Every structure is written in C-alpha cells, then in structure tokens.
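Asks: Sequence:
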Amino acid sequence: MFKKSLFYMIIISCCFINISCKKKSQSSESNADTMTPTQDIMDTTTSNDNVENAENNQTNISSEPETETDNSIIPINTSKPFKGQMNLHNETEIFLYGTWQVEKLLGFANSYNDASEYPTGQKVIDDKIIIKEDLFSSMELKNYDVYQYITRDPLYDISTICYNSDSFYRLFKIDLPGLNVNDEVKWLEVYLSSTEHGLSIPVSFFVVNHDRLILLLEATCFELKKVVD
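Be aware that the sequence shown starts at 1, since it is given in the UniProt record's numbering, and climbs by one per residue.
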C-alpha cells in the first residue's frame, strides 16, 4: 500500500514539472513574439538610415566642384614662328597706316646696349611717327638723329610672326607687359625704298593682334597710340 502511494506521488510530481516546463516555454515564445516587431522596427530604421546616408554621400560627391583646366595658359597655336619676308596683309595695313604717338615705356629685352638708355629708356615720350603707304617719317623723334628717317617710297616688311607669347619670348627675349599667351605678334621692319630691299632702318615695330603697336628702339619697347591726322 505504501509503495502504491509513493508511486502515485511520483507520477503526480512529474505531471506538475511537465506542466511548469510547458508554461515557461510558452512564456518564452510569447516574449520572443512580442520583441520581434520592435526588432523589425529597429532593422527598418537602420536600413533607412543607411539609404539616407548613401544618398547624402552621393549628393556631396555630386556637389563637389569639378577641376577644370585653365585654357588661358595653354597656347592654341603652337606653330613655329614664321621667319622670312612677307608683305603686309590688308588687315595689317588698315590697322597700321596713320600717325602714332609714343605713349609710355614698356620695358627692355634681357640683353641691351648703352643706346637703350636703361632703365629710363630713350627720351621719345609724346614724339610722333607717321606710317602711311606712301610716307614714312620718324623725324619727330627729335632727340635722336640716328632714329630720324623720312621716305615717300617706304617698304614695310613682316620678317617674323610669333603665334604665342612663349615663342615670342624665346625669340626676342622680351617680356612684354600685357602680352597674353595666345597673342600673335608680327615684327615689322621698315626699308627706305620699295625697289631696293637693303638694310632696314633702326626703327621697327611689333604688331600685336592688330590692336597694339609697339615701337622697338635698340632693345627698348614703347607703347604707341594712334592719333587723328
């Protein structure tokens, strides 16, 4: 009898233990089910943050200024300078012919002689030069007999053309103020007779883009301005 009672007690205890374990298991599952939506929300929020950060990074990358090459320092025409003899073009004649006045000193070549009167330059400011098809006169360079010439049969000869400032400097060793990298410079020499192509006179000119005329005396450069005849 005692053994049977003990046996039943053991069976009942096992039943209680089994029921308790099931309740704990159900409670754990319930907690897990309750936490899942929260975790999903956290995962969704993290995913949205990642997408937003990626879009912001893309916007920052797109908004960064692009590096562009400064074309103003790159010669467009890299042809070698023309050296020879060339008659004036019509465009050059239209620009060149007239009366010009010495406006200001521009500077000197890297190598100069005493006649260049460095650093002030020759005393020719405000003096005038006449350049026409049938007349050339530098007689108004009154302080220097060596520069005074006049002829009614002049020959104007383009002996050099530089197609950018680099080739101009390499050839003439003159750093001209206001000369841009892509400026075209013609060196114009003057002869006293159109029939005799002898030695040019020691008064010559640089024609820059048909909008600047520069007087060259020895190794000294002067800016000229056109005046009404």
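Be a bit skeptical, because a hint or two may be false.
List of simulated lysine-lysine pairs, BS3-like, C-alpha gap at most 27 Å [to be verified]: (1) 128 x 142; (2) 104 x 80; (3) 123 x 226; (4) 173 x 225; (5) 142 x 83; (6) 104 x 225; (7) 225 x 132; (8) 80 x 226; (9) 104 x 123; (10) 104 x 173; (11) 104 x 226; (12) 123 x 142; (13) 104 x 142; (14) 104 x 132; (15) 128 x 225; (16) 142 x 132.
Because the hints were derived from the structure by calculation, they are not lab data.
Values in this document were obtained by computation on a predicted structure and should not be read as measured data.
Asks: What hint numbers does the structure not satisfy?
Replies: Violated hints: 2, 5, 8; rest satisfied.
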